[in-house]
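Visitor: Residues per chain are reported as follows:
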Amino acid sequence: MGNVIEIENLAKAFGNEHALTNVNFHVKKGEIFGFLGPSGAGKTTTIKILTGQMSYTRGSVQVFGEDVMQLKKSKNRKRFGVLTDNSGLYDKLSVEDNLLFYCELYDVPTKKVDEVLDVVQLREEKKKRVAKLSKGMRQRVTLARTLLHEPALLFLDEPTSALDPVNTQFIYKGLRELNERGTTIFLTTHNMEEADSLCDRIAFLHDGEIQLLDTPDALKKQFAKDEMDIELKNGNRITLSKGKKDAQILYNYMKKEEIVTIHSNEPTIGDIFVYVTGRELV
Amino acid sequence: MNISMKRVKAIFMKDYKEFSRNMSISIVILMTPLLSLFYGKVGENTIDSYYFIFNMTFVMVATYVQSCLIAEEREKNTLRALILSPANVQEILLGKSLFTFSTTFFTMMVCIILIDYRPANISIITVAMLLSTLFYIALGTFIGLFAKSVMEASVYSFPAIGIFTVGTFIRLFSEQYPMLKIAHYLPNIQLIDIALKVEAGKGFVNVLPELGVILLWSIVAMIVTVIVYKKRMVD
Chain A
1 MGNVIEIENL AKAFGNEHAL TNVNFHVKKG EIFGFLGPSG AGKTTTIKIL
51 TGQMSYTRGS VQVFGEDVMQ LKKSKNRKRF GVLTDNSGLY DKLSVEDNLL
101 FYCELYDVPT KKVDEVLDVV QLREEKKKRV AKLSKGMRQR VTLARTLLHE
151 PALLFLDEPT SALDPVNTQF IYKGLRELNE RGTTIFLTTH NMEEADSLCD
201 RIAFLHDGEI QLLDTPDALK KQFAKDEMDI ELKNGNRITL SKGKKDAQIL
251 YNYMKKEEIV TIHSNEPTIG DIFVYVTGRE LV
Chain B
1 MNISMKRVKA IFMKDYKEFS RNMSISIVIL MTPLLSLFYG KVGENTIDSY
51 YFIFNMTFVM VATYVQSCLI AEEREKNTLR ALILSPANVQ EILLGKSLFT
101 FSTTFFTMMV CIILIDYRPA NISIITVAML LSTLFYIALG TFIGLFAKSV
151 MEASVYSFPA IGIFTVGTFI RLFSEQYPML KIAHYLPNIQ LIDIALKVEA
201 GKGFVNVLPE LGVILLWSIV AMIVTVIVYK KRMVD
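From first to last, the protein sequence lines are chains A and B. Counting from 1, one number per residue, gives the positions in the first sequence under my numbering. Counting from 1, one number per residue, gives the positions in the second sequence under my numbering.
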């Protein structure tokens, strides 16, 4: 499986302020890659660099095996899409007109409009003006717009921020469908549950560098505590070691059928985030 | 330089649909035809009064409307989406300018008919007006790219509206204040000079210097606009 994105020793400075100091990672073809970090860590800066919207100070950035600046070529623009929380839709136009406009720009047959509206379940709203839609619906229209040209690589910058759970689920469904059809997804989010449930691998960006990078399961195992919580029938809760030391105690409780629940106490991605960055999620 | 006319047309049609649903901006194009109707009824117009209307049409339609269309794209973050699409800089600027060009052309024709302006040499005036349209559209694009919102674009357009409409009368004071002679090189005043020469029976060769000055203004405005656009593309 080849790499869609390859970043080596990437640095970006704004005057004397260093947003990224030494970023190294790669994103494999077909994976959903989570890019997490506290506010101001440089996530959006990285996306802007990866989409050719921002220059960088030092390092090497390759997308689809070419220098990132090649993305400015019209044919390469068709290969990626960007979805942010700031939708960028034409308010005065209908949902359908917005999508038809992008069909023309991306050279996509107009019949795709109904197809993508079915995915985000907004077909009945297609004649409505975008200005009349809720924030969640607008975000679904933006996702539909992104689905039109089925990009090989999709950048998502906080795609579900401030969305209600129903609209969030619609977005997840659309993203999973897109990923199943082969789209590589690069996701930045503050929502740790989102990262955990969607991503194949997660990178933590902090202090201008990648601090951790692995699959969610591997990260949880790496940070797992050597203890488990046990709830007993008499209402007591005890903590035992996962090792040999407490095996006999556990066995005895099990033998007497006194155990109600056992919790392995593995950390969440949010716990790991706080541990790595030393900052609470905002 | 590859230009897809399909994408240019798509941007043109999108702008048309948006414009037709935007009363606050579209009402601006009615201003100069209404003024022309009034001037036309009064009769006995001079070149100065004709060109006061025409220059106002240029600055109100080609510049102001264009600046608002571009600024709105910036304000709503749709310009960013457009920049990230396969449409290149030429297609985006051409598509957006084509709509303003058509609107300016249409409004100007209505004004010319209503005010009953019949130039002695229609070819020269057509060329001069086409060159002027390019300048005013480029100026509007520049203002739109510079402004962060429609409100800002409206504010930034005011000096242009002043200079290219009322400012035309500066030349009347240039005998008194020689410093103002520099204003003669403004494209709006060059356009009036062309019209005066045409009415005096002069031909193409005689108006080449004025056409050259307007062309120069257009080229400079277009170059500056493309530079600003490219800067806006990359943070």
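FYI, nobody ran anything at the bench for these hints, they're computed from the structure. Only a predicted model underlies this, so the values are computations on that prediction, with no experimental measurement involved. Think of the CB as a built atom: it goes at the ideal place given N, C-alpha and C, for glycine as much as any other residue. Misleading hints may appear alongside valid ones.
Simulated crosslink set (DMTMM-like; lysine to aspartate or glutamate; CA at most 25 Å straight-line) [stated by the list, open to error]:
| hint | chain 1 | residue 1 | chain 2 | residue 2 |
| --- | --- | --- | --- | --- |
| 1 | B | K17 | A | E96 |
| 2 | A | K72 | B | E75 |
| 3 | B | K230 | A | E96 |
| 4 | B | K76 | A | D246 |
| 5 | B | K76 | A | E17 |
| 6 | B | K230 | A | E17 |
| 7 | A | K126 | B | E75 |
| 8 | B | K231 | A | D85 |
| 9 | B | K9 | A | E158 |
| 10 | B | K17 | A | E158 |
| 11 | B | K6 | A | D85 |
| 12 | B | K6 | A | E17 |
| 13 | A | K92 | B | E75 |
| 14 | B | K148 | A | E150 |
| 15 | A | K126 | A | E96 |
| 16 | B | K148 | A | D85 |
Some chain B residues flagged as far from chain A (calculated, every beta-carbon gap over 10 Å) [as the list claims (entries may be wrong)]:
| hint | residue |
| --- | --- |
| 17 | A10 |
| 18 | A81 |
| 19 | S85 |
| 20 | P86 |
| 21 | A87 |
| 22 | L98 |
| 23 | F101 |
| 24 | I122 |
| 25 | K202 |
Simulated coverage check for chain B against chain A, where a stretch passes if three residues somewhere in it have a Cβ under 8 Å from a Cβ of chain A [stated by the list, open to error]:
| hint | segment |
| --- | --- |
| 26 | 16-30 |
| 27 | 64-78 |
Visitor: Holds or violated: is the Cβ of B/L98 farther than 10 Å from all Cβ atoms of chain A?
Guide: Since the minimum Cβ distance to chain A is about 14 Å, B/L98 lies beyond 10 Å and the statement holds.
Visitor: May I ask you to check that B/F101 keeps its beta-carbon over 10 Å from the closest beta-carbon of chain A?
Guide: holds (20 Å)
Visitor: Starting from B/K76, check that the Cα of A/E17 is at most 25 Å away, please.
Guide: Since the Cα atoms of B/K76 and A/E17 sit roughly 29 Å apart, the hinted pair is violated (cutoff 25 Å).
Visitor: Taking the closest pair, is the beta carbon of B/A81 still more than 10 Å from chain A?
Guide: violated (4 Å)
Visitor: Starting from B/K9, check that the Cα of A/E158 is at most 25 Å away, please.
Guide: violated (33 Å)
Visitor: Has the given pair, B/K6 with A/E17, been kept, meaning a C-alpha gap of at most 25 Å?
Guide: violated (43 Å)
Visitor: Run the distance test for B/K231 versus A/D85: straight-line Cα separation, threshold 25 Å.
Guide: Cα-Cα ~23 Å, so holds.
Visitor: Run the C-beta distances from B/A87 to all of chain A and say if the shortest one exceeds 10 Å.
Guide: violated (5 Å)
Visitor: Checking one constraint from the list: CA of B/K148 to CA of A/E150, max 25 Å. Satisfied?
Guide: Violated, at about 31 Å.
Visitor: With d taken as the least Cβ-Cβ distance between B/A10 and chain A, does d exceed 10 Å?
Guide: violated (3 Å)
Visitor: Is it true that the CA of B/K17 sits at most 25 Å from the CA of A/E96?
Guide: Measuring from Cα to Cα gives roughly 13 Å; hence the hint holds.
Visitor: Say whether it holds or is violated: B/P86 keeps its Cβ farther than 10 Å from all Cβ of chain A.
Guide: Violated, because the least Cβ-Cβ distance between B/P86 and chain A comes to about 4 Å, which does not exceed 10 Å.
The structure is inconsistent with the numbered hints 3, 4, 5, 9, 10, 11, 12, 14, 17, 18, 19, 20, 21, although it conforms to all the rest.
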